[in-house]
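Novice: Okay, here's what each chain looks like letter by letter:
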Amino acid sequence: MSDLISSNNPSSFLKKFFGAGIESFESWGRYPKVQNQNEFIPYWLNEAIPYSSPLLAYGLGRSYGDCCLCDNGTIISTRNINRLISFDKEDGIIECDAGISFSDLLEFIVPHGWFLPVTPGTRFVTLGGAIANDVHGKNHHREGTFGRHIIELELLRSDCKSLILSAGNNPEFFNATIGGIGLTGLITKAKIKLKKIHSAFIDAETIRFGNLNDFDKLSRESDSTHEYTVAWLDGSSRGKSFGRGHFIRGNHSEEGALVPGKKNPSITIPCDFPEFFLNRLSIRAFNETYFRKPLANSKIHYSPFFYPLDVLGKWNRIYGKRGFFQYQCVIPETAGIPAIHDLLETGIKLGTGSFLTVLKHFGELKSPGMLSFPMKGYTITMDFPFEKLKSIELIKRLDAITRSAGGRVYTAKDAGSADDLYYSSFNIEKFEKFIDPAFSSNLWRRVKRSRV
Amino acid sequence: MKRILVIGGTSAMIRESLRMFAKEGSKIYITGRTENKLTSIADELKVLGADVKEECIDLDLSDEHLNFIKRAAEYLEKIDIAILAHGINIPQAEADSNIESGRKMIQTNFVSYVSLLTLIANQMIEQGSGKIAAIVSVAGDRGRQSNFLYGATKAALDTYLSGLRNKLHKYGIKVISIKPGYVDTPMTASFPHNPLFTSAKEAGELIFKAISVEKDIVYIPWFWRWILTIIKIIPEQIFKRMRL
Chain A
555 MSDLISSNNP SSFLKKFFGA GIESFESWGR YPKVQNQNEF IPYWLNEAIP
605 YSSPLLAYGL GRSYGDCCLC DNGTIISTRN INRLISFDKE DGIIECDAGI
655 SFSDLLEFIV PHGWFLPVTP GTRFVTLGGA IANDVHGKNH HREGTFGRHI
705 IELELLRSDC KSLILSAGNN PEFFNATIGG IGLTGLITKA KIKLKKIHSA
755 FIDAETIRFG NLNDFDKLSR ESDSTHEYTV AWLDGSSRGK SFGRGHFIRG
805 NHSEEGALVP GKKNPSITIP CDFPEFFLNR LSIRAFNETY FRKPLANSKI
855 HYSPFFYPLD VLGKWNRIYG KRGFFQYQCV IPETAGIPAI HDLLETGIKL
905 GTGSFLTVLK HFGELKSPGM LSFPMKGYTI TMDFPFEKLK SIELIKRLDA
955 ITRSAGGRVY TAKDAGSADD LYYSSFNIEK FEKFIDPAFS SNLWRRVKRS
1005 RV
Chain B
4 MKRILVIGGT SAMIRESLRM FAKEGSKIYI TGRTENKLTS IADELKVLGA
54 DVKEECIDLD LSDEHLNFIK RAAEYLEKID IAILAHGINI PQAEADSNIE
104 SGRKMIQTNF VSYVSLLTLI ANQMIEQGSG KIAAIVSVAG DRGRQSNFLY
154 GATKAALDTY LSGLRNKLHK YGIKVISIKP GYVDTPMTAS FPHNPLFTSA
204 KEAGELIFKA ISVEKDIVYI PWFWRWILTI IKIIPEQIFK RMRL
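Chains A and B are the protein sequences, given in the same order.
Just add 554 to the spot in the first sequence (first one is 1) and you have the working numbering.
Just add 3 to the spot in the second sequence (first one is 1) and you have the working numbering.
Same shape as in the complex, but just chain B:
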């Protein structure tokens, strides 16, 4: 039985991964910000065979984090897998005109992760084992004019995870950076859906696999690694003139 802590469990992608963990009979501590969504997802996981406790909580502010991790660890007894999937995507134009909304995105997508990851890492060092999976994004691989603040929060997280992976390696703790491309979820509902889009179900299943086989960095699906490789080698001289 796997003991799993999930933050941002109402994400459409993560719901699909959790369904697969639930079928294996896992024990899950799941959080989200919207009560009715959280309850309906928790109920489904119970039907599928998981042992589930849900907590409706907004983890933007860090004063609650220590108690929260304590509660989760107490319920789970041990955290085998921690999945961090919470996040917001404020359109660049809005962040440009409203500094506060941008600041909030940094808080949710990066600052809260640092505090939670620190506490989770300490807990896992104490346990002597564990896996941490966090949702980054292909948007963090290179800043583009269409969403660079969102991308910057993800780039910061990406770098942080890379350091954390390096630090935790000697303890046998895995850190998995998950980089989804376009996934058909509520976050991307307003984008035109081109053929590069992946369904939430497929993405969730790929995330489940990546966690199971303990990859370091995984693109969802695989082809985004090559798309981003190309985007990253474009010289800045040319890149700055492009409309991406």
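Bound conformation, chain A alone:
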């Protein structure tokens, strides 16, 4: 299969011109690019890996930066290791192979009256990826991270030993694996506790706000009344409009059918858009239009509520070939809204402005994960087209704000933040003891290089 990447291969030739092909193993942001990476796509885990280490698991490729890439190594695609193993309908406990997608999982559990305890903004992620990145969602203030809902998981190590890990069984290994960005070995199975629902619908409400302080007020009020809260921010307007946005909150409805959402995206972006498509002006225009759209407060299906972008397949192509990066950090309560203000302002002044900006107030529930990202405070997410040196400078400036606020950056999004941020945020020395010697990633090598 290694000849797949050689340039005289007709399939990569077609891939190049049509962007087609069965898939490519890149990160969602498509920056940084990966070099000399083998791809191993097993159906069963009894096969020997025909390529050299370092190894790294790869699920559905929804990590934005370089934590899912492995230069000069081999990625193990888990997309075909996706079986349901057992399901307890009464207690809502499900065990699955790690390669199952949240989309497939929801399709199965929703009709039985169960839901994911925590879900990120796309359902096209794998269970293994959700554990390895210890993902969070709109209910962080109530449920914490996804890692808090894992009853047990199985980890396959490169010495062929299988470890069963849980809070009671080998807890330190368990804690290192949750949020361990795939470095402790290959997560093969997991058992999770689901959330009971009576309807597939959400009683949702969207409220316009004019500035960041209004957001803060709304968010604090809603924490006790709503299970799901998040805000969309206008990431490109200055002056009077600075910091405006929509506050979105919701609760699981008591009424409505238990129907899963559509399986596939409605539309798939067929090819890369030209790079000039997203620029300062068009991003500004998009944010302006979006802010002014009529708001409907009503009962909506969980799909548009949690996964609005999933209707658009391969939406990362709108940024063109150059790719994009998403900057997500968390700012502790002490630094609060002023730091968020600085981050947003820097994005507008230095970059093109952010195409899509999301702000959320995290609660205080702690994750068991050693490298888990969330902490009590505010998390902001901004998307920028990648513009070489300009973007590198922008990341540096955003990092400086995060650093002085005592914040953290998110491994799943990070495409090049300063690596000292990891050393100041986590106990890296402690985590390192649990790393599988045959596993690595571009992100990890970057973090290590900073200490050489």
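Accuracy of the hints is not assured; some may be wrong.
Claimed, not checked - Here are the computed lysine-lysine pairs in the DSBU-like style, where the Cα-Cα straight-line distance is at most 35 Å:
| hint | chain 1 | residue 1 | chain 2 | residue 2 |
| --- | --- | --- | --- | --- |
| 1 | A | 984 | A | 920 |
| 2 | B | 212 | A | 749 |
| 3 | A | 643 | A | 853 |
| 4 | B | 40 | A | 817 |
What the hints assert, rightly or not - To list a few chain A residues with every Cβ distance to chain B over 10 Å, as calculated:
| hint | residue |
| --- | --- |
| 5 | 711 |
| 6 | 722 |
| 7 | 772 |
| 8 | 796 |
| 9 | 821 |
| 10 | 826 |
| 11 | 850 |
| 12 | 852 |
| 13 | 855 |
| 14 | 871 |
| 15 | 892 |
| 16 | 970 |
| 17 | 978 |
| 18 | 983 |
If you are wondering where the hints come from, they were derived from the structure by calculation, not from laboratory data.
Here a beta-carbon is modelled for each residue, glycine too, at the ideal position from N, C-alpha and C.
Use these hints to put chain B onto chain A, whose structure you have.
Specialist: For chain B alone, kept in the frame of chain A given last:
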């Protein structure tokens, strides 16, 4: 409730079709050659809502076939659908240098099908109804230097199924020939994956549909019918010079 017999149930494509049958609450008798794979697939079908019995058996040799069909029919009570999906793909170069491996492929891909299909057809005639779906391949439509022995086993099966369909029509029994093109499965893992490849999931769902609507011959996905139509009309004079 549909009662389904599946031979070669560990096929990646068929697993996806079975998942869809399982969600409808079918009763499934499933066989495969590798025990742990078979068990994990059977377990999943049970979770999805099917009533499942698995049997780990190698059906290459025909002396077991009669008893096997009896066991299956006894469990299912009636065979509504029989899906035959077992098969191997020995690379042409290996078949050229090792006659025995080629012979084995003929045994698995064709000889065992004849014996099983005969028994299943008789059972269905007795029942007065049923559907038979068998996996053929686009490789059976024309012999190409890259895989003509594999293609020949599939061509033989294709012809056999066509005759069987003709024979069983008057009994109201359907015979469905399924012709997948390139599908992303363990069988094709070593091939370079070009844009013509279909995922096992998509192929499995198309097979499920084809069985449900009782097509006679179905290409998976549809465009292979047109690709093969073109390949078949190339005159032999020219075809023999091509590298396909």
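Novice: Find the hints from earlier in the document that the structure breaks and name them by number, from lowest to highest.
Specialist: none
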